[in-house]
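There are 2 protein chains.
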Amino acid sequence: MSEQIYVGVDLGGTAIKVGIVDAAGNLVQTYEGPTEVPKGPEAVIDNIEKYVRHIVEESPYDWSQVAGVGTGVAGFTNVKEGVIVLAPNVGFKDVPIRSILEERLGKPIKIDNDANVAALGEAWSGAGKGIDHCVCYTLGTGVGGGIIIGGRIVQGFSGLAGELGHMAVIPDLEAIQCGCGKMGCLETVSSATGIIRMANDAVERGDRTSLSLLESGITAKDVIDAAKSGDEVAIRIVSRAAFYLGKSMAAVAVSLNPERFIIGGGVSKAGEFLFEQIRETFLKLTPEPVTRGVSIVAAELGNDAGMIGAAGLFLRS
Amino acid sequence: MSEQIYVGVDLGGTAIKVGIVDAAGNLVQTYEGPTEVPKGPEAVIDNIEKYVRHIVEESPYDWSQVAGVGTGVAGFTNVKEGVIVLAPNVGFKDVPIRSILEERLGKPIKIDNDANVAALGEAWSGAGKGIDHCVCYTLGTGVGGGIIIGGRIVQGFSGLAGELGHMAVIPDLEAIQCGCGKMGCLETVSSATGIIRMANDAVERGDRTSLSLLESGITAKDVIDAAKSGDEVAIRIVSRAAFYLGKSMAAVAVSLNPERFIIGGGVSKAGEFLFEQIRETFLKLTPEPVTRGVSIVAAELGNDAGMIGAAGLFLRS
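Heads up: the sequence lines are chains A and B, in that order. Counting from 1, position 50 in the first sequence corresponds to residue 50 in my numbering; the numbering is continuous, with no gaps. Counting from 1, position 206 in the second sequence corresponds to residue 206 in my numbering; the numbering is continuous, with no gaps.
None of these hints come from the bench; they were simulated from the model. Please note that a few of the clues may not be correct.
In the DSS-like style, the derived pairs of lysine-lysine whose C-alpha atoms are separated by at most 27 Å in a straight line are [to be verified]: (1) B:129 - A:129; (2) B:129 - B:93; (3) B:50 - B:107; (4) A:93 - A:107; (5) A:80 - B:129; (6) A:93 - A:129.
Required output: the full structure, derived from the provided sequences and hints.
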C-alpha cells in the first residue's frame, strides 16, 4: 500500500498556508497563496481548493495518497458539523466548509479553530512530541489555548474548551473589562494587546521609561526589548504578564495535571526572561506533587503548527 | 450469556461498603462491615475479600457472573500499577492491592481515589447521567474533585488531575496556608473545615452571631443552619464558601467547557441557599458562551456514589 499523506490548511485573513504532512507529523512541503477576503467567501473557498490541489500536484505524491484535508481557522467552529460559525478575519459566517470541500475535493475534511490545531500540532510534532497530556497557550493579539489529553484535543461540551485567555485571574481591584464582556480575564494582561495597554498607561501616567521616547505607537516587542535592556517599567509589565500566566497554569495543573505547558505566539519570543517568571509563579502557587515532572517550554513549530495540527486532526481526534 | 455484574468497594476508615452494580449502573445490593484498621492492613484486606464474597453469595448472582471488582479509597493511588500509595484512614502505605486481590478473588481489580470514583458514580448513574462532560466537587473535610470527559475519569500525567480543592482562588490579602503547603487554596474556605474555621474566627473576633452561643464546638452544619435562619455572620461565611466555588468553576469552565458541575459532600446539604450563590458567581465570572447550557446541581447518589463509581471503573475507564 502506498504511503498516506494529509494536507493541513491554515486559513488566515491574509494568506492561506497549505502543507503536506506525513503520518509521522512531518511537514514535508508547503505552499502559500493569498486569501483574497474582499472577493467574498466563494472566492476564498475556490482558493483553498486551488492551493490544496496545487501543492499535491507539485509534490512527489499522488492525489490518491491524500487521506484527508484538515483546516484550522481563527474563530468559532462547530467541529462536529464541520461548520465555520464565525471567522471575521476571513469573512465567514455559518459556512458549512466540510460538506463544501468534501464535495469539491472528494476527500474527508476536518476543521477546528486555530488555537486548537496549533496546540495539536505542537503536541504531536513540536514541543509536546511524545507527551500525552499538554496544554498550549498562544500569546498574540489575545491569549489562545488548547488542551491535549491522551494526545487528543479536548473540545468540551459545546466546543469551547481551551479558552484559557478568558480565565478570570486578575484581582478585582486591578481588573479591566475584556472583549468577552467579563472582568479580569488573563488576556487583558498577558496578550500583546494587554502589554501594549499597560505600556501606554505607564507612559500616560508619566512613569520614567524609555518607552515614552518612542515616536510611533508602542508595540509588544518594544516593551519586551525595553525589559531586556533593563527598563524597570517594562520589566514590571512583562513580569505582570508572566505572573498571571503562571497563575492560570496553576489552576489548570490542579484540574488536569498536564505534563507540559507549551507557550507560543509573538509574546513568547520574550524568551527565558518571560519563562523564568512564569515558572516561578507556577511553582509558588501549585501544590508540589502536581508540579513534579512538569515543564513549561516554548513552542517549537512557529507558524507551521497550524498546518501540522490541521493535518493531525485525522490522526489525533 | 448470563448477565455480568461488578462489585464496587468503598474502602473507608470505619466501614467497608460493598455493592453489586449491574452494567447499567444500578446498585442492586449492598453490604457493609467494619474495616478494622487497628488490626493492620492484612486484616483489612481479609475483610475486603470476605465482604465481596459474602455479598455475591447472598445475591441471586453466581460468582462466575462477577466481571470485576473496583475499589475506591481516600488517599493517593497509583491507578496504573494498582497500588494504594498512601491512605492514612485505612493505614495503607504502598499496598499493591490489585495484585493481592486479583490473586485472592481471581477477578480483575481496578482502583482509584474516592473523589474520582464518586465523580464517576455521579457521572454514570447519578446527577450526571447521560452527560458526557461533567466536573464534580465533594465538599467534606477537604474539597475533592473529579473530572469526567467523554464519560471517563481524567487522570492526568501522574494521576493527580481533579485536585480542585487546591486551586489558588483566594486573594493574597485573605489567603491562609492550606494543608498542602500553598496559600489560598479553595479548600481553605469552601470545605467543612474552612467554614468551621471562619465561624470560630468570627466568634473570637466578637462578631454578633448566634454561633457564639453554641456550647460545644461549632460544626459546618451549625453554620449552615444559622445562615438559613438569617444569622448574618453565618450568611457571610456560607456566601464566601459559595463565591470561591463559583470562581473555581469559572476557571474550570473556560478550560474544559463541561456541561454540568455536580456538588456533593456534607456542605452541599446547605442546598439552594448555597447553590444560588455559586451559580451567581459562576455567571458573573464566566464568558457567556461558556455558560450556555451549563448547570450546577447537587449530587444525587450520596454515599452510594463510591460503590457505583468503583464498579464503573470497569465500564468507564
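(message) Given the hinted pair residue 129 (chain B) and residue 129 (chain A), is their Cα-Cα distance within 27 Å?
(response) Violated. Residue 129 (chain B) to residue 129 (chain A) sits at ~35 Å, over the 27 Å cutoff.
(request) Could you grab the alpha-carbon distance between residue 93 (chain A) and residue 129 (chain A) and see if it respects the 27 Å cut-off? (result) Violated, at roughly 34 Å.
(request) Assess, step by step, whether the Cα of residue 93 (chain A) is no farther than 27 Å from the Cα of residue 107 (chain A), and give holds or violated. (result) OK: residue 93 (chain A) and residue 107 (chain A) at ~23 Å, within 27 Å.
(message) So if I understand the rule, the pair passes when the alpha-carbon distance is 27 Å or less; does residue 129 (chain B) with residue 93 (chain B) pass?
(response) violated (34 Å)
(request) Compare the distance between the alpha carbons of residue 80 (chain A) and residue 129 (chain B) with 27 Å, and conclude whether the hinted pair is satisfied. (result) holds (22 Å)
(message) Against the 27 Å threshold, does the CA-CA distance of residue 50 (chain B) and residue 107 (chain B) hold or violate the hint?
(response) holds (14 Å)
Consistency with the previously given hints fails for numbers 1, 2 and 6, ordered from lowest to highest.
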